[in-house]
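Enquirer: Given chain A's structure and the hints, the job is docking chains B, C, D, E and F onto it.
Number of protein chains: 6
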Amino acid sequence: MIYLTRRERFNAAHRLFQPALSEEENQRLFGVCANPNYHGHNYQLLVTVRGIPDARTGLVMNLKELSQLIRSEIIDHLDHKNLNLEVPFLQGMVPSCENVAKAIFHRLRPHLKGCELHCVKLIETENNYVEYFGD
Amino acid sequence: MIYLTRRERFNAAHRLFQPALSEEENQRLFGVCANPNYHGHNYQLLVTVRGIPDARTGLVMNLKELSQLIRSEIIDHLDHKNLNLEVPFLQGMVPSCENVAKAIFHRLRPHLKGCELHCVKLIETENNYVEYFGD
Amino acid sequence: MIYLTRRERFNAAHRLFQPALSEEENQRLFGVCANPNYHGHNYQLLVTVRGIPDARTGLVMNLKELSQLIRSEIIDHLDHKNLNLEVPFLQGMVPSCENVAKAIFHRLRPHLKGCELHCVKLIETENNYVEYFGD
Amino acid sequence: MIYLTRRERFNAAHRLFQPALSEEENQRLFGVCANPNYHGHNYQLLVTVRGIPDARTGLVMNLKELSQLIRSEIIDHLDHKNLNLEVPFLQGMVPSCENVAKAIFHRLRPHLKGCELHCVKLIETENNYVEYFGD
Amino acid sequence: MIYLTRRERFNAAHRLFQPALSEEENQRLFGVCANPNYHGHNYQLLVTVRGIPDARTGLVMNLKELSQLIRSEIIDHLDHKNLNLEVPFLQGMVPSCENVAKAIFHRLRPHLKGCELHCVKLIETENNYVEYFGD
Amino acid sequence: MIYLTRRERFNAAHRLFQPALSEEENQRLFGVCANPNYHGHNYQLLVTVRGIPDARTGLVMNLKELSQLIRSEIIDHLDHKNLNLEVPFLQGMVPSCENVAKAIFHRLRPHLKGCELHCVKLIETENNYVEYFGD
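Read top to bottom, the protein sequences are chains A, B, C, D, E and F. Just so you know, we're using the numbering used here here: the first sequence kicks off at -7 and counts up by one. Just so you know, we're using the numbering used here here: the second sequence kicks off at -7 and counts up by one. Just so you know, we're using the numbering used here here: the third sequence kicks off at -7 and counts up by one. Just so you know, we're using the numbering used here here: the fourth sequence kicks off at -7 and counts up by one. Just so you know, we're using the numbering used here here: the fifth sequence kicks off at -7 and counts up by one. Just so you know, we're using the numbering used here here: the sixth sequence kicks off at -7 and counts up by one.
It is worth saying that the hints were derived from the structure and are not from the lab. Please note that the accuracy of each hint is not assured.
It does not matter which identical chain is meant; a pair holds if it fits inside one copy or across any two.
[Unchecked claim] EDC-like cross-link-like pairs, simulated, lysine to aspartate or glutamate; straight-line CA separation at most 20 Å:
#1 K56 to E17
#2 K113 to D46
#3 K56 to D127
#4 K56 to E116
#5 K113 to E16
#6 K105 to D71
Excised from the complex, chain A in its bound form (with noise of 0.2 Å):
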């Protein structure tokens, strides 16, 4: 069993901030990260996938195809946008970075064949990130 990590990244905005909460309990929650008019990031995805890597290739996966991969199904969805208004798929949801990574773990996960999504991390500042690992 081999781990294989890709790194890809996405520039964008989002605010912490809870809609069935009053803009004042959401400031006291978050602080800062409340702001209405938003604050941003140059956030770093790393995926880890799992697998035996094939006898003749010797790949767990081919990089070019993880990183395609991740690129339709998550960055451009993400990158250059407002977490906040406009991904689908994280709609009802804080933007927290741990509810990032974990829509992120399960919008790919569907998606790779052949080898197991072990970990999604996402890096949200060079002092903080979250790892997911599925359920």
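Expert: Okay, now just chains B, C, D, E and F, sitting in the frame of chain A:
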């Protein structure tokens, strides 16, 4: 003469948008960077000052004071903010990396005593940055 | 279950030195790292907690609180300090990367409420780091 | 139990090429990575061992010895070499990141005394890496 | 005047080899870098242009255009290639970091309109890089 | 003219301390950096030389020779040392980043043959560095 550099960081939302032009013209000029709902970045700001180290302290400038100056004059106004909407000293301009760096330079320069502002370097992504040395 | 990591930093002096042994034996065991006048590092500390994101906030833990906890319990006691001489919770041990990481883990764990301490990663140089996950 | 990681680096040429297949089939499988004249990488190798720190020294393993072991067994054989042509322990396989990491793991493991080899992580580019933990 | 930098990357094989000299003389001059079977690097290329930001767009140059220019003129010719054998504009010279940077500079310069090529920085490893500013 | 840079590293202890002043005055001037028991850093030293690449080798300077020069003249004297106590060429000065960079420059310059020392850049932390270009 020694050049001393301090790095600070801020996370902000912006869009490349020239209000004097139509939405369509902005899209044509700036592509996805003109997205009306904004995107964002983890900006890194590197401020370089130059001067003769003090004979007694060996310092061009106290780094804690330089850091506090950059924070109070710049970071506190940009971090977790929307560069198009919320920053008085960026109003009336496209918040391109070029324009933001230039505005930061001119805002910081009058506050430096005993040494000279040499360069403002603003890193927008791991692939893009600008440097401004004054006119 | 989501794993959330916060990075903090501290700059400290130390030497690898076992007081129960002679100076010569320490030199033999630890080489230049036993230099009696100390050397030092820019340490990077990565603290990983795990938990179920709160349904309302989408957060495993408020990052500002996690940062403040790490600072008040760990960084304030280690930053700009001598790890052999000035840190009560490191006394009586060689301040190796292994021992310091372990001590940080056990000092932090009781303070976490609502999520669990998963890992302390301590990066001593760009080439060396340790990870401790509890016993 | 503590996990201790040492990073070493090597610069090497390779091509993804399966000798049992035709040149055309290799091009189809591996694209530009099959270029007959080779390309190359600055590889980063992270070796993680795990063990109980020695009660006297506080060390899982002496880092200088770990570094020297990795250099004598691995780096000296790979650095400034062609992975397809010049490395006896890589012959008969496609020098994919997966296969190289696995070969390094099995070559290093018998040499570790007093601690166990946990993981070999091989970083090929800033966007791609693999990890192998043994079978 | 603003300085704008774009980073692109390419992975290539090379050897330091002067065809006018014997194999032995090359080994003596270049050591392991002259290995006949090549080695390779993940090169990072930083291209800096300078100009006055356009009053309307706030840009020295459109970054997408700068990126595409660097890719079509440079990266497409160097990535996954052998710098000694396959790059017409590098023939007849030792593909040292110095010579490659200089060749890239002179190849790019005529293509820049409305701003000036200031510097080509070529990073060969995390420890070595060169900069060329034109003659 | 090409600018060639080599990075080397050293880990050292220091304190900002001016012996001509009282302990109290040092604390007032330098704050926690004056801690009597020292703190330390992983210093990165970037040495830039400039020259015309040799027509035959394509090199400004042999990088192995540049590395060995920096190690024998600088790193061997600073690595795992106390900058206040153990480095003859740093005695009689506050070991600030400014003063150390300047001392390194003047110590290295006479040893360079066939090219000129352009800059010494000394990185003390990920947020602070100085550059010295000679007087």
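Enquirer: Now tell me if each hint is right for this structure.
Expert: Results of checking the hints against the structure:
1. K56 to E17: For K56 and E17, only the inter-copy Cα distance (17 Å) is at most 20 Å; the intra-copy one is 45 Å.
2. K113 to D46: between (25 Å within a copy, 19 Å between copies)
3. K56 to D127: This pair counts as neither: shortest intra-copy Cα distance 28 Å, inter-copy 26 Å.
4. K56 to E116: Only across copies: K56 and E116 sit 14 Å apart there, 24 Å inside one copy, limit 20 Å.
5. K113 to E16: neither (31 Å within a copy, 36 Å between copies)
6. K105 to D71: Classified as neither: same-chain Cα gap 25 Å, cross-chain 29 Å, threshold 20 Å.
In this structure, the earlier hints numbered 3, 5, 6 are contradicted, and the remaining ones agree with it.
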